[in-house]
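Protein chains: 2
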Amino acid sequence: MDTQTLAQAVIDRVFVEIEASGRHVHLSAEQAVTLFGHGLTPKRPLSQPGQYLAQERVTVIGPKGQFENVAVLGPERKEAQVEISLTDGKSLGIVPPVRPSGHVKASPGATLVGPCGQIQLEEGVIAAQRHIHLTPQSARLMGVRDQQIVKMQTYTDRPVIFSDVLIRVSPDFASYAHLDYDEANACGFSRGDLGRILT
Amino acid sequence: MDTQTLAQAVIDRVFVEIEASGRHVHLSAEQAVTLFGHGLTPKRPLSQPGQYLAQERVTVIGPKGQFENVAVLGPERKEAQVEISLTDGKSLGIVPPVRPSGHVKASPGATLVGPCGQIQLEEGVIAAQRHIHLTPQSARLMGVRDQQIVKMQTYTDRPVIFSDVLIRVSPDFASYAHLDYDEANACGFSRGDLGRILT
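In the order they appear, the protein sequences are chains Z and D. Last residue of the first sequence? That's 262 in this note's numbering, and every number before it is there in order. Last residue of the second sequence? That's 262 in this note's numbering, and every number before it is there in order.
Here chain Z stands alone, though its shape is the one from the complex (with noise of 0.2 Å):
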């Protein structure tokens, strides 16, 4: 194996990107025309295959404040799905549980508007869990599966190691960490940084 090779074998092994996720809104087909009076438009390609920023943007409102110009994350989804920071929950007076994607049962609710209309969500409000999506190849090379909680070292300014990620593994991911801006605050980190998941 030349050097080049042998490096690119280890990285594969144990290190994946990590990105930061700022507060966005997954939207349902019906929902996206309530609010803008038509279905979502891609703006630009996100990591995970498939997934875009929309150009269409909604004003999130809670009990105590609001958010003007939130980002819409196509394509639409089931169900709405508002993902915030713990720190933006306390601007908005709004406590998001700790939730993997897709899992908003009970959670709080918010009202959505945008320039045709308004929803008033009674669920759907959380905080994303920290997550790693693999493709299967990566997680057997990193000998992990999909579900599986770990840890993740940050190389980053103010290095950390977090607790509690979630491994999720599909063939339609790309593999990336995702981290929300106050885990990525806390870490110092800067686009491009890189994390090491630890079993």
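There could be a bad hint or two in this list.
Which copy? The list can't say, so a pair holds if one copy fits it or any two copies do.
Unchecked claim - Within a straight-line C-alpha distance of at most 30 Å, the following computed DSS-like cross-link-like pairs (lysine-lysine) qualify: (1) K106 to K141; (2) K141 to K153; (3) K127 to K214; (4) K141 to K127.
I should point out that these hints are in silico values taken from the structure, not numbers from a laboratory. Given the structure is predicted, the values throughout are model-derived calculations rather than measurements.
Using the hints provided, position chain D relative to the given structure of chain Z.
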């Protein structure tokens, strides 16, 4: 040794209570007079002996935004220091360096506004490096020394091991670990939560 004494002996050697520090300002006596017309007035004591939250509050202004009603901590110091999180810095348009308290040289400035005047700080805005205040007795029991860099495991809702935690030892201190709100939210901190020093 009875169980309670043993438990206390273990706790004293291993655990430290965590506190989260919100954004706040330290001022010189002269600056307090400029902003408020008089020196700082204690409102309530903080955990560190002799330190207090002042009745007076200031507005902190950066290039992109401002925070009103920011806490001022007393007693007055030799020079001003504005401690914010990286998240706060985003709102203000200031990138604070992560520094130990008192290390403000060549850090960014900000404008402070009080009811009687305003001050343009040339420097002084930092994100306080996470740190643990220890009495000499606690430090001895825990086997750490002043200025040592340690890791700290948090026993919190979403546990984290923080690297680059600065040990500060003084007979004037009470033993507490101090995180900013990015870090506190990243680990799901609640009042009374404990940390464990890893060396």
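Could you work out which of the previously given hints the structure breaks and list their numbers from low to high? Hint check: 3 fails alone, others pass.
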